[in-house]
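Q: These are the residues of each chain, in order.
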Amino acid sequence: MNKKQFLKELNKSTNYEITSYYDELISDRIEQGEDETSVVASYDIKKILKESEFKVAKKELETKSKRGGRGLTVLLVLFSAPITIPLAFAFIIVMLSFLLTSVILIGAPIAGTVYAALSTIESIRINESAEFIILGLGLFLLALAAIGIVGTVLSKYLFRFYKWTLVKFFSMAKRRAA
Amino acid sequence: MDAQIKKGLIDICVLATLSKGDSYGWQIIKDINQVMLLSESTLYPVLKRLETANMVTTYEQPHNGRLRRYFKITVMGKTKLGEFENEFKGIARVYNYIMASITEKNNKEEEE
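If you're matching them up, the sequences are chains A and B in order. Each residue of the first sequence is one higher than the last, beginning at 14 in the working numbering. Each residue of the second sequence is one higher than the last, beginning at 86 in the working numbering.
Honestly, the hints are just simulated from the structure, not real lab data. Treat the hints with care, since some could be wrong.
Distance condition first, Cα-Cα at most 20 Å in a straight line; then the derived EDC-like pairs of lysine to aspartate or glutamate [what the hints assert, rightly or not]:
1) 92/B to 64/A
2) 133/B to 64/A
3) 157/B to 47/A
4) 59/A to 44/A
5) 17/A to 37/A
6) 133/B to 37/A
7) 25/A to 37/A
8) 105/B to 194/B
If you want the footprint, here are the derived chain B segments under chain A, 3+ residues with CB under 8 Å [stated by the list, open to error]:
9) 104-113
10) 123-137
11) 148-154
Glycine included, C-beta positions come from ideal geometry on N, C-alpha and C.
Excised from the complex, chain A in its bound form (with noise of 0.2 Å):
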């Protein structure tokens, strides 16, 4: 790997500031005689990240909850339980209704299958003319193929939606608890 690959690489899982801080290494390195692949094999992206970023998120994280303190904290939980407790039950209510709609996207097709496969099945032990009852079923059931691949990417994407919200939304209570 070149000096142009590493960069391209390390600024994938990391910010401009931390990238020119490693071009600037690299460059100076090669111009005192080191050898380009050597020196670029000589930083582990992983290791990078781990040292250099997390300490300074970590760090930034702390110095602002400190800024705030413990006294303002409990102040500000005070003031704004009026507006908190009230977003909390919407919270949790958008919440609900999220989950009943992966539920629905999910189950709706296999019960509509199971249905349309019944009722198809129970038409043609009374109606002659099946040719046209298995041609409707046919169609049926792919729209309802459709609907369930849609139901299934998008319950994907909503469960991540509730993960990410909830992961957030604890970790900042947790934060505002310390």
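Given chain A's structure and the hints, the job is docking chain B onto it.
A: Then chain B, alone, in the frame of chain A:
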């Protein structure tokens, strides 16, 4: 060197290096590595922390067709360095006490 002792000394080492004159990333690493092993990934958060605490400032200067970022110690950084100097007097007393105790123990063992 013990990680905890090293952690406390890195910031001071960087400030001490910059007190001799403005410097840049690779040069700071080379200077500090003469007395303490310091990696590039360890230096970055230290510089960032010192910058946030207004103990160092940065500026860019053209060098061989590119921009090189220089670090400069501030008045606050110099004050921190001065504080360490005073603290070190206390540390030196503890060090001397530890070393004297070790010497005394070794002398006793030799006598026995």
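Q: Run every hint past the structure and note whether it holds.
A: Taking the hints in turn, this is what the structure says about them:
| no. | hint | verdict |
| --- | --- | --- |
| 1 | 92/B to 64/A | holds, 13 Å |
| 2 | 133/B to 64/A | holds, 13 Å |
| 3 | 157/B to 47/A | violated, 27 Å |
| 4 | 59/A to 44/A | violated, 25 Å |
| 5 | 17/A to 37/A | holds, 12 Å |
| 6 | 133/B to 37/A | holds, 16 Å |
| 7 | 25/A to 37/A | holds, 18 Å |
| 8 | 105/B to 194/B | violated, 45 Å |
| 9 | 104-113 | holds (count 4) |
| 10 | 123-137 | holds (count 9) |
| 11 | 148-154 | holds (count 4) |
Violated hints, listed in ascending order, are 3, 4, 8; each of the other numbered hints is respected by the structure.
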